[in-house]
Structures are given as structure tokens and as C-alpha cells.
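Chemist: Going line by line, the protein sequences match chains R and P.
Start counting the first sequence at 1; every next residue gets the next number (this note's numbering).
Start counting the second sequence at 1; every next residue gets the next number (this note's numbering).
Hints are not guaranteed to be accurate.
Stated by the list, open to error - Residues of chain R clear of chain P, computed beta-carbon distances all greater than 10 Å: (1) H160; (2) P175; (3) L200.
Stated by the list, open to error - Simulated DEER-style distance windows between Cβ atoms: (4) R:S27 to P:R159: 52 to 62 Å; (5) P:R98 to R:A145: 52 to 62 Å; (6) R:R74 to P:T219: 25 to 35 Å.
Honestly, the hints are just simulated from the structure, not real lab data.
C-beta: ideal position from N, C-alpha, C; glycine also.
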Amino acid sequence: MSSHHHHHDDDHSHLDPMDARVRALESLLTEKGYIDPAAVDEIIETYETRIGPRNGAHVVAKAWTDPNFAQALREDATAAIHALGYQSRQGEHMVAVFNDDTTHHMVVCTLCSCYPWSVLGLPPVWYKSPPYRSRAVIDPRGVLADFGVVLPEGMAVEVHDSTAETRYIVIPQRPEGTEGWSEEKLMGLVTRNSMIGTGLVNAVDERP
Amino acid sequence: MNGGADLGGMQGFGPVVEEAEEPNFHAEWEARVLGMVVALGAAGQWNLDQSRFARESLPPADYLTFPYYRIWLEAAQKLLLERGMISAEELESGRMQRPAVPIKGRLAPADVEAALRKGGPVDREPEVEPRFAAGEAVCVININPAQHTRLPRYARGKRGEIAHVLGFHVFPDSNARGEGENPQWLYQVRFTARELWGEDANAADTVTLDLWESYLRPTS
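Only chain R is shown next, with the shape it has when bound in the complex (with noise of 0.2 Å):
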């Protein structure tokens, strides 16, 4: 973060120059009446603490272990995720997509950086970045194989790009070997990337 600028405003010189921007125009909007700090304290509070890709994991976890849920999903995800209790900002219209012996999916948006924030929290700056945005729908499996995912044979790709309100996720498969294992226990495997489409899940974890 360091630069070569030099800041007008000597008050702030000890700080970064995005720092110090973005402190003098919180201070006026504050000022103006427009915003409370309070509240934007309580916001960046809320997506460090409690949304986040858990909340995926428990909606993937509970789909793995109970049918009914899973038929739900597929039906209305919205609906079911909301019974879940995940009801929040950037997740209004919600689509599940279900791996399969056939198909795998991934989600992107090309055009800005939309992302089901209810369930996967905020999104990770690759996900926001050209790279991933330009490639996800040309080049799948090269964006697959950057994040060392290597699909079977015969596998489709099918890629979602979330040029509306809809928002994403993915239900990767339910590994093998993780019969009876309970919601809770099914819920440590599920990664963020999995519920993204760029990652698989795996009973043993083999990620370096």
C-alpha cells in the first residue's frame, strides 16, 4: 500500500493516501448527516463475524443429509435457505446448482462482482479480479486447472454468470467415504471455493 503520492491534507500525512481519502469523506458524509459511523462499524461487523461461507457449508451439509431439504432446494432456493435462516443482503434470489456425474458448475460474474453474500459472506478479491472475470466463461477448464481442479473425463462444465439479481451456489458432491458422518462433521469439509465451483470437496483434504 505504500506510495508515491504525497497528501495535501497534513493532518492526515502519516497515512496511507487511500486511508486518509477515505477517512476525510466518511468525516464529511458524518458531518453532513448522511451516515452514522455506528452503523458503518456495525455493517463491516456483520461480514467479519457472522455471514459467511459457514452459512454455505451448513445449506450444502443439510442437503447432502436430508432429501427433503435437498428437493426444497432444487424447487425454491430461496425459500429454502431462508428456513435456514440465511436472510440477508445479495442473497434476495437464490439458485442452487447441483453437481453431478456429469456436470460440474461454476458461478462467476463477468460484468461486476455479484456474489451470494448470505451464504459465502463477501467475496474474495480473485473472484472481483479481470483474470477470473474474463476467463471464467471462455476458458473454464484453464481457470479450473489454476486452482489445481482437474475434472474427469467426460465431465461437462457448465459455467453461470450472474448477470442479474439471481445469485448462486454451488452443491458440490458429497465425497465418498463420509457415510454417516453427521451435518456438523459434513460442514468442516465444505470450502468456499466448492460452493463457488472452483474447488472440490474432498474427505481428506489434500490442499497443501
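Starting from the known structure of chain R, fit chain P onto it as the hints suggest.
Modeler: Structure of chain P alone, referenced to chain R:
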């Protein structure tokens, strides 16, 4: 618009690099920008689509190189200036120099949880029957508006098939221009990778986009 944000199918950006144990924010200012932008929604001075247009209309070279929250910051600043909520002089000095404009509301800390829970649903009561049904072949129109659209360049003029009827949703193209919600049927449309990218693409692969009815035409 054909701006820096419409990235689908571009090449040359290199591999996707994932940061291990990535934090939500890489500097304090990023967190403040996220919080401010969400909080400013309550002021009711712009809608979601106007906010998106403010981001995608940044100069492409800036859009492609700025950290993502800087894109949000520049866009928010542009909207605040455009709406007269702040002046260039105030922005420069960081101090209030003229009265605030009336706003719809200021988000209170106690209301954050409810506001996030409520979100901003964009489905509306259907006014007409959907023109297309699942399984139907459709052709995407070719448009190149200088204004906001959610029809990416790479899908224009292509042929696909309706996968699902998703609902009756606010139409961003008109909502971004302040011309009302003009809700329409929204469809998940499936395209073969070969239709989008040519014969070098994998024959089994597909891409879906969520497209509004006015982007689509019957094929016959």
C-alpha cells in the same frame, strides 16, 4: 456500456491467483468503503443499477487496475457529487461548507441487522404472462448502448435455449436511467460454449446467463 467492466471472454490477464487465508479487507479504508456504500443506500439518492453504472463507467484503464473497493469509492464519490450531496470544495477540504440535501433516511446502528436482512428484492408482481417457456430456442438481440445494460458483449446475437423462467424482475437498463423499474420476465438462458466461442470450445460445455425478456427474440 462497452466499458472496462464487461470482461467476459477477454484474454491476456494471466492466471487466477488465490491468496491463502485471505482477509475480507486488505486495509482499513476498504472496510470503511464497504460499510459507507452499504449505509448510503438508506439515503435513497440512487438505486442499485445507477450505482453499478457509476462503477462501470469509470475509465477502463482505471477500472482494470484499481483495487475493487477503490472502484466502489470512486463511483460513490461520483454519485455524491452528481446528486449535489457534496461539493467538489467539500471533498477537497473534507469539511462541510454548504447545507446537506434532504435524504430518505440515515441508517442507524440499531437498524443495520434489519436492513441487511431485508436486502433489496427486485421481483415484482407479474403484469403479463412470460413470452418464453423452458426448452424454447431464443436469439439474443444485438445492442451497444452507451448507458447501463446487463447484456454482456459476448452473448449479443447468440442463440440459446431457455433453461428456467426465473421471475418477474426490475429491468436494470431503464432503472439505471431513472426511467422506472419497467419489470420484465427474467430467464436463465443456456448457450453452448461452441455457440459463444466457436468450434475450438469443448463440445460438452455450456454457459448460462440471466437475461430479461426484452433482450430475447424467438428464433423463428
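Chemist: Against this structure, judge whether each hint is valid.
Modeler: Structure-based check of each hint:
1. Interface exclusion of R:H160 from chain P breaks down, the closest Cβ pair being 5 Å apart, not more than 10 Å.
2. For R:P175, the shortest C-beta to C-beta distance to chain P comes to about 21 Å, beyond the 10 Å cut-off, and the non-interface label holds.
3. Distance check on R:L200: its Cβ is at least 15 Å (rounded) from any Cβ of chain P, clearing the 10 Å threshold; non-interface status holds.
4. Remark: the range hint 52 to 62 Å for R:S27 to P:R159 is upheld by a beta-carbon distance near 53 Å.
5. Here the CB-CB span from P:R98 to R:A145 is close to 55 Å, well matched to the stated 52 to 62 Å.
6. At about 28 Å, the beta-carbon gap between R:R74 and P:T219 stays in the expected band of 25 to 35 Å.
The structure does not agree with numbered hint 1 stated previously, though it agrees with all others.
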